[in-house]
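Start from the sequences and build out the full structure, keeping to the hints where you can.
Take 5 as the starting number for the sequence shown in the working numbering and just add one per residue.
Read the hints as simulated data drawn from the structure, not as lab findings. Be aware that one or more of the hints could be misleading.
The list that follows gives simulated cross-link-like pairs (lysine-lysine, BS3-like), each with its CA atoms no further than 30 Å apart [what the hints assert, rightly or not]: (1) Lys123 / Lys32; (2) Lys16 / Lys65; (3) Lys65 / Lys33; (4) Lys123 / Lys65; (5) Lys261 / Lys199; (6) Lys141 / Lys156; (7) Lys140 / Lys32; (8) Lys123 / Lys259; (9) Lys32 / Lys164; (10) Lys113 / Lys123; (11) Lys75 / Lys113; (12) Lys32 / Lys261.
Ranges between beta-carbon positions, derived for each pair [to be verified]: (13) Thr53 / Ile28: 20 to 30 Å; (14) Phe7 / Ile28: 29 to 39 Å; (15) Tyr71 / Gly168: 18 to 28 Å; (16) Leu244 / Arg69: 46 to 56 Å; (17) Pro209 / Glu63: 44 to 54 Å; (18) Ser183 / Arg69: 41 to 51 Å; (19) Tyr71 / Gly94: 48 to 58 Å.
Note that beta-carbon positions come from the ideal geometry of N, C-alpha and C, so glycine has one too.
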Amino acid sequence: MYFMGREQSPLKSEHWKVIDEIVINTAKKVLVGRRFLHLFGPLGPQTQTIFADVVEEAESKKAVRRYYPLKQIYEDFKLSWNDLEYILSGTGPYDFSQVARATLECAKKEDEFIFWGCKELGLEGILTATGTNRLKKGNWNEGETAYSEIVKGIELLLRKGYIGKLVLILSPDIYVQLSRINQMAGVLELERISKLVDNNIFKTPVLGEGKAVLVCAEFSNIDLTIGQDMVVTYMGNDKLDHEFRIIETIVLRIKNKDSIVIFE
5 MYFMGREQSP
15 LKSEHWKVID
25 EIVINTAKKV
35 LVGRRFLHLF
45 GPLGPQTQTI
55 FADVVEEAES
65 KKAVRRYYPL
75 KQIYEDFKLS
85 WNDLEYILSG
95 TGPYDFSQVA
105 RATLECAKKE
115 DEFIFWGCKE
125 LGLEGILTAT
135 GTNRLKKGNW
145 NEGETAYSEI
155 VKGIELLLRK
165 GYIGKLVLIL
175 SPDIYVQLSR
185 INQMAGVLEL
195 ERISKLVDNN
205 IFKTPVLGEG
215 KAVLVCAEFS
225 NIDLTIGQDM
235 VVTYMGNDKL
245 DHEFRIIETI
255 VLRIKNKDSI
265 VIFE
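Shown next, in the form of structure tokens:
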């Protein structure tokens with residue numbers, strides 16, 4: 005693809021192969037949203053908008069067609085001229101830590117977008133969408149509170165007809181709170197709760213603190229649309245250094261906001 009600019013890069017194909025593997029392996033380790041969301045695409049870098057039939061009124065279940073722009077997410081990094089000379093000389097293996105760090109930042113931005121949306125583009129995230137179910141959260145650090153409240157959330161979704169893949173996403177502090185022994189059951193509270201959602205429990209720091217969200221993650225309710233998947237492009241040289249960009253285009257399509265329960 006022309007926009008990637010790799011033909012203008014001094015790097016050889018074997019170097020690009022190493023870089024691509026680092027990006028893929030690093031992203032897989034840290035991305036959370038992609039672990040439970042249905043992925044639609046990649047549709048290609050030319051895709052700028054996508055439609056979705058959105059149920060805006062839970063009671064009527066009437067779908068309205070909406071069009072969404074894909075958001076461009078990226079992170080830049082540089083290779084200095086002498087690093088590049090070392091790579092091209094073939095003297096020995098090169099530590100592409102810059103690539104891994106940039107990938108980590110790009111992955112973090114993706115998950116932030118999935119959960120918090122983008123005000124500038126008018127795009128909602130899982131936590132910011134209007135029309136979701138919101139339940140008051142008690143003290144999950146003691147007793148049966150967390151278990152019973154999550155059961156209520158599941159009951160709410162089932163009562164509304166949401167049957168399928170249930171996913172629970174926790175902020176790190178809540179995850180730690182639930183990693184305690186339930187004295188009555190003799191197992192971790194997290195283990196008991198995990199069975200309620202078929203082990204679909206995830207944790208991510210992008211939620212902040214004290215947050216938990218339950219989602220019926222069937223593709224008819226929500227998905228992540230990918231235009232251009234995460235890839236490294238060459239931007240050219242800045243004086244003696246060479247600039248690269250990790251880039252992707254995505255949009256979260258919440259087709260049924262009523263399939264989300266936020267504990268707050």
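Check: Can you name, in rising order, the numbers of the hints this structure does not satisfy?
Finding: Hints 2, 3, 7, 9, 14, 17 are the ones this structure does not satisfy, whereas the remaining hints hold.
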